[in-house]
Amino acid sequence: MKLLVVGANGQVGSELCRLDSNDCQIIGLGRDKLDITDAEQVAAAIVGQQPDFIVNASAYTAVDKAEEEIEMACAVNHDGPLNLARSCHALNIPLIHISTDYVFDGASSRPYTEDDTTQPINIYGRSKLSGEVAVRESCPQHIILRSSWVFGRFGNNFVKTRSEEHTSELQSH
Numbered sequence: 080m081k082l083l084v085v086g087a088n089g090q091v092g093s094e095l096c097r098l099d100s101n102d103c104q105i106i107g108l109g110r111d112k113l114d115i116t117d118a119e120q121v122a123a124a125i126v127g128q129q130p131d132f133i134v135n136a137s138a139y140t141a142v143d144k145a146e147e148e149i150e151m152a153c154a155v156n157h158d159g160p161l162n163l164a165r166s167c168h169a170l171n172i173p174l175i176h177i178s179t180d181y182v183f184d185g186a187s188s189r190p191y192t193e194d195d196t197t198q199p200i201n202i203y204g205r206s207k208l209s210g211e212v213a214v215r216e217s218c219p220q221h222i223i224l225r226s227s228w229v230f231g232r233f234g235n236n237f238v239k240t241r242s243e244e245h246t247s248e249l250q251s252h
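For the sequence shown, the working numbering assigns the number 80 to the initial residue and increments by one for each residue that follows.
Quick caveat, the hints were computed from the structure, so don't treat them as lab data.
A portion of the hints provided could be inaccurate.
Stated by the list, open to error - Using C-beta positions, here's what the derived DEER-type ranges look like:
#: 1; residue 1: I149; residue 2: T196; range: 31 to 39 Å
#: 2; residue 1: Y191; residue 2: E148; range: 24 to 32 Å
#: 3; residue 1: A186; residue 2: N101; range: 43 to 51 Å
#: 4; residue 1: N171; residue 2: K144; range: 31 to 39 Å
#: 5; residue 1: Q220; residue 2: Y191; range: 22 to 30 Å
#: 6; residue 1: A169; residue 2: D111; range: 22 to 30 Å
#: 7; residue 1: D102; residue 2: M151; range: 32 to 40 Å
#: 8; residue 1: N101; residue 2: D143; range: 22 to 30 Å
#: 9; residue 1: D184; residue 2: S100; range: 16 to 24 Å
#: 10; residue 1: D99; residue 2: A122; range: 28 to 36 Å
#: 11; residue 1: M80; residue 2: E150; range: 30 to 38 Å
Backbone N, C-alpha and C define an ideal beta-carbon position, used for all residues, glycine too.
Please work from the sequences and hints to get the whole structure.
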């Protein structure tokens with residue numbers, strides 16, 4: 080089996096690419112090798128790699144900055160998934176799309192389920208939701224995973240931030 084990880088240089092993608100399996104060949108393409116906002120490039124990459132599955136770990140994740148960079152956030156979080164979904168559908172390849180809990184407004188007093196009504200409150204959430212809709216409408220063979228936090232050894236994340244704060248506190252005492 081061959082798995083193509085798109086967004087291979089990000090936190091989720093880089094961790095997926097580190098998985099070791101004798102049963103699965105993992106190919107990672109970061110933004111330096113694949114611009115998912117370019118439909119022709121996406122189609123060519125998928126045809127060239129001929130994967131059995133694709134994981135879309137690409138995302139514009141600068142939540143606050145998305146308010147200023149609306150076009151970029153929408154290009155990466157909507158147009159990119161749409162391009163992947165269309166190519167996956169055309170080639171009969173299942174797509175696993177990683178999304179976010181920002182598609183909700185955060186006002187629920189209980190954990191969200193996949194059946195809850197979405198209601199994003201910012202550009203980032205709206206762009207991610209529009210990407211989900213694009214995947215759902217364009218590729219029947221899809222799975223959408225929503226995550227609230229991601230962390231790993233690469234990139235900035237809440238675990239590293241908290242660890243750095245704790246280390247600074249210890250050093251100052």
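We went through each hint and held it up to the structure:
1. Restraint check, I149 to T196: a C-beta distance of roughly 23 Å breaks the suggested window 31 to 39 Å.
2. The hint said 24 to 32 Å for the Cβ distance between Y191 and E148, and at roughly 27 Å that hint holds.
3. The hinted range of 43 to 51 Å is satisfied by A186 and N101, whose Cβ atoms lie roughly 46 Å apart.
4. Taking the beta carbon of each, N171 and K144 are about 37 Å apart, inside 31 to 39 Å as hinted.
5. At roughly 24 Å, the beta carbons of Q220 and Y191 sit within the given window of 22 to 30 Å.
6. Look at A169 against D111: about 25 Å separates their beta carbons, and that is inside 22 to 30 Å.
7. The hinted window of 32 to 40 Å between D102 and M151 holds, with their beta carbons roughly 37 Å apart.
8. For N101 and D143, the Cβ-Cβ distance of about 42 Å falls outside the hinted range of 22 to 30 Å, so the restraint is violated.
9. D184 and S100 have their C-beta atoms about 38 Å apart, which leaves the hinted 16 to 24 Å range violated.
10. The beta-carbon spacing between D99 and A122, approximately 30 Å, falls within the hinted interval of 28 to 36 Å.
11. Hint check: M80 to E150, Cβ distance near 37 Å, so the stated range 30 to 38 Å holds.
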